[in-house]
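Q: In case you want the letters, here they are:
8 protein chains.
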Amino acid sequence: MAQVGVIMGSISDWETMQHTCEELETLNISYEKEVISAHRTPDDMFTYAQNAREKGLKVIIAGAGGAAHLPGMIASQTTLPVIGVPVESKALQGVDSLLSIVQMPGGVPTATVAIGKAGAKNAAVLATQIISTFDEKAEQALKAYRTAMKDAVQEMRDELATY
Amino acid sequence: MAQVGVIMGSISDWETMQHTCEELETLNISYEKEVISAHRTPDDMFTYAQNAREKGLKVIIAGAGGAAHLPGMIASQTTLPVIGVPVESKALQGVDSLLSIVQMPGGVPTATVAIGKAGAKNAAVLATQIISTFDEKAEQALKAYRTAMKDAVQEMRDELATY
Amino acid sequence: MAQVGVIMGSISDWETMQHTCEELETLNISYEKEVISAHRTPDDMFTYAQNAREKGLKVIIAGAGGAAHLPGMIASQTTLPVIGVPVESKALQGVDSLLSIVQMPGGVPTATVAIGKAGAKNAAVLATQIISTFDEKAEQALKAYRTAMKDAVQEMRDELATY
Amino acid sequence: MAQVGVIMGSISDWETMQHTCEELETLNISYEKEVISAHRTPDDMFTYAQNAREKGLKVIIAGAGGAAHLPGMIASQTTLPVIGVPVESKALQGVDSLLSIVQMPGGVPTATVAIGKAGAKNAAVLATQIISTFDEKAEQALKAYRTAMKDAVQEMRDELATY
Amino acid sequence: MAQVGVIMGSISDWETMQHTCEELETLNISYEKEVISAHRTPDDMFTYAQNAREKGLKVIIAGAGGAAHLPGMIASQTTLPVIGVPVESKALQGVDSLLSIVQMPGGVPTATVAIGKAGAKNAAVLATQIISTFDEKAEQALKAYRTAMKDAVQEMRDELATY
Amino acid sequence: MAQVGVIMGSISDWETMQHTCEELETLNISYEKEVISAHRTPDDMFTYAQNAREKGLKVIIAGAGGAAHLPGMIASQTTLPVIGVPVESKALQGVDSLLSIVQMPGGVPTATVAIGKAGAKNAAVLATQIISTFDEKAEQALKAYRTAMKDAVQEMRDELATY
Amino acid sequence: MAQVGVIMGSISDWETMQHTCEELETLNISYEKEVISAHRTPDDMFTYAQNAREKGLKVIIAGAGGAAHLPGMIASQTTLPVIGVPVESKALQGVDSLLSIVQMPGGVPTATVAIGKAGAKNAAVLATQIISTFDEKAEQALKAYRTAMKDAVQEMRDELATY
Amino acid sequence: MAQVGVIMGSISDWETMQHTCEELETLNISYEKEVISAHRTPDDMFTYAQNAREKGLKVIIAGAGGAAHLPGMIASQTTLPVIGVPVESKALQGVDSLLSIVQMPGGVPTATVAIGKAGAKNAAVLATQIISTFDEKAEQALKAYRTAMKDAVQEMRDELATY
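Residue numbers (the numbering used here), protein chains in the order written: chain F, 1 to 163; chain C, 1 to 163; chain E, 1 to 163; chain S, 1 to 163; chain L, 1 to 163; chain A, 1 to 163; chain Z, 1 to 163; chain Y, 1 to 163.
Possibly wrong hints are sitting among the right ones.
Unchecked claim - For lysine-lysine, the following DSSO-like pairs were computed, each having C-alpha atoms within a straight-line distance of at most 30 Å: (1) Y:K150 with A:K117; (2) Y:K117 with A:K55; (3) Y:K117 with F:K150.
Hint data in this document are derived by calculation from the structure and do not stem from the laboratory.
For reference, chain F alone in the conformation it holds in the complex (with noise of 0.2 Å):
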């Protein structure tokens, strides 16, 4: 039974989000991974997010371009935490994608996180944090993910060292 949903609205958007569900892996959450276009399939969208919670998700992760709609609409459907991620777009580079995912109006929240790849990574972490508020195993995977991250430190501070 998947923990997280990860969806995107266009195939194009896995070169970004894969870095989601390759972190979701690391951090051992179950995930399941779906297409899912606010403009093209509505309909779709809307079922989704209504049958979230029921089917056992705990967190949805919604990546997204341009005039980003997908977070948003997936959240006025869900009571749900759902995060979302700025796909870096072509011509403004992610600023359309960010603006139409974080300024979302009063009652419905979007978690939105950095543009681009560390935004798709960081989304993993975010739903970790949160699956640890009532999942102990999840926080020592989070405490195993930020020793790592000293530990890769350490490694840059030998590189550094050598220039």
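Keeping the supplied structure of chain F fixed, place chains C, E, S, L, A, Z and Y upon it in accordance with the hints.
A: Then chains C, E, S, L, A, Z and Y, alone, in the frame of chain F:
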């Protein structure tokens, strides 16, 4: 039977969208108006969009601010032309509204006009232009409207001459 | 007899505007295309705009970049609906094009679509939507187009399932 | 025992962050509130973050403006989910706050909401959504909240009908 | 016989453009002023531009806001230098005006000055500088103007010394 | 005797400013060119500006990028018209160059043109327009230039017709 | 003998720069203040910069708005550290000031602080930090200043507790 | 004993920050360099800042990108001057880095330099300028550096003369 549907995400948008209604009256175009919130009443939004053509509407004008999803989501559920009016938002003065409305992905356009009052007026003019493609009375109304605009410039000239 | 006039400020805009023409062909809408420069051939621009309705055009689609005056100036000389396509500019990636096209003063609207290729495609769809207000064949073409879009999402899902 | 910690960088942020507290009360979520300045009391900030989980907090909401380092730095010292509220700044209207909060590097997310009052309200809703992943009472509160939002739209419609 | 033509898109631009006229008077440069709207009176605009050199104008100063097409379109119909003043717009504070005026394509320049009052004053100074290339009286006026500016700084110093 | 002085802040600006020189040659306007750095050779900059009129220059064209102080500082030391060309900068694509050049305080204008190559070409055209206010040969050159621009559009039309 | 020179481009900048002077007094750092305009008194500017070290100044703080050339041009004529304060401008709220000050080319730095009042205060603190590298009294003043800041947070906490 | 501490948030910042180190070597200023991540190694960051003065550092230079908290957080824990270098970020080209570094609240300044390579070089020059306030050798190095810059301009002039 209304030819144009004027909808807005919140009653607070009325300050802007009333200019659409006033201009439609000037141009003698019948319209209906309603509050339809993409995020608070998503089901109503879809119902509205899906029934629009059938009940005789020719154009939908949708005003919204911030992460303004209303025009684009309406457009995803009807084949009628949808005009989006970016309402000026508090922090970002409508830049978020504009980008959320105009940057639609290929396949689902919104006809976007200027931020705020000028755009609200122009939504009415644009709707009338669309109707004028098959309705000569609308074309005549537009010609009269243009003449009035030129006359207004003449009045400005008289005023300037006094400075 | 062409229903849509597709014009552009320079041959360099063709890279973008060809997507408009391709999509119009897909939607079975007749069109003509021409280079009309607001700044280099202002007289031709006015002649084009003033004759447009008379020669049977229903919609004009104008693509331009930078200080993109073509859509707005065409709109000042016709009562037909004018769709503006902001072409991506070199330094500012189309932000200048977008603002020069969309921020029209009250009375003279342009129907603005997204920057670049997505907008160019959507200009064709929007023109077809406008024509569909009086032409059932266009409405049928739009329905088929929507169905094809949904099918494309299904193909994306199949592709995603393989990752 | 508070479930949510609401912190802000300065007492001047209270004008914004009071909306978080009000909304938490509406949603019946227990909270504590404190001024914690990333730059003036960095030690207190770290102590707060490091003790948060242990003392029972499930979510931290941090509001800050300008070079808004509070949410991200809190996030670096806890594995709890941290919600960042970009407070509207004087010169740049919160663009600096938004980017300083949302553009976190891979590994340390903040759940960013809209600039200003709407974001402050949504931080409360998002915190409740997070708690609802394991607490059915919170889920019920959210459902009631949604119903109240829909009712508010109905009231707007009644008001609009009078114009 | 006026040396400078000062035109503006609307009487509402007079608040800004009066500073141009005041400064031209200070610099003893003859001018005429008129409302010429690119979008509402395009024919008048072309007539004005085409007759400008013939009737003795040396420079045209055009102020406009929003999608500010007036300076660029005037420039397309005359070989006289055209100075563009970006009037501060409501939503975007003149960023749209600035980009619509300055980002002209190769071949048709506008001489763009600062947004708002400072730019309006500077349009007058720049026109005088242009005239000074062949008119020694204008050069003398500019020298006096510079001296007055330095004297004003001295007055500021006296004032500052009192704080 | 050169009529136009073309200066640039660094040899790296030559890639842009060569277009100014090429266009001046096309327009048959004599010019000199030099590297003058506002920040590295401030004394040379002042000497250049102070001697410009005396040695017969009619216009100074200054190209610079980033915190582009060259055009404005030159303008502070001469009463000749100074044209500023915002060179495209690496990180901010010339937005910094544009604002640093155009937003001059009242009293000291720069005649600002578009960012990059288009602006560099237009600086030459604008300089010729300024010279044309007293030199009929320059006016004739501009007319020929305009005719060539129209002919170029005709060639574009022939090309488009083949697509 | 003043340790810090506080200069500003216009008396209108005093509203901002007075905060620099107040804070220098709090920190017990001697200073002088003057109006020095880059564009209106360029010679004075160079004289000031060239004499600064000789007359005993350790740091120059320069405040300016719009196309803010003062800090960078001062920096080009002295090897003393120059702190630039971007004064909030009318139309662009200091974005132009910030970019004109901070985006200096390699070789001639300005030490840029925040836009407006916060930056003006911080210029004083930064100057004191620079002086503290060789002057223990300044270091002690900074320590006391920090303690006062922490105390102020405590007062904020007391205030918040009353809400 | 190093006079300057050069730190960066990630090894990926070395591409930028190496220019700081190179320039410090040219200027004969001793330095140490280290990777210190605000978000991954917050404890190390505080330790570094708190020990900096004691171990003899005079200036800290901190480079970081995106939500760049390193310079400001270092500054919160030391009274030494801290220079912030905004590293160019992927999506937003360093605008986020710049605002996160420069927009510090009153009381805790960072001395911010330009985005990217130019800023990295200038951080070294600025550090040397700070040291030059008490160290004449540094002042001499700066004078030689300035002379070399002027010589470089002369070489550019020779190159330009060949075009």
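Q: Need the list of violated hint numbers for this structure, in ascending order.
A: 2
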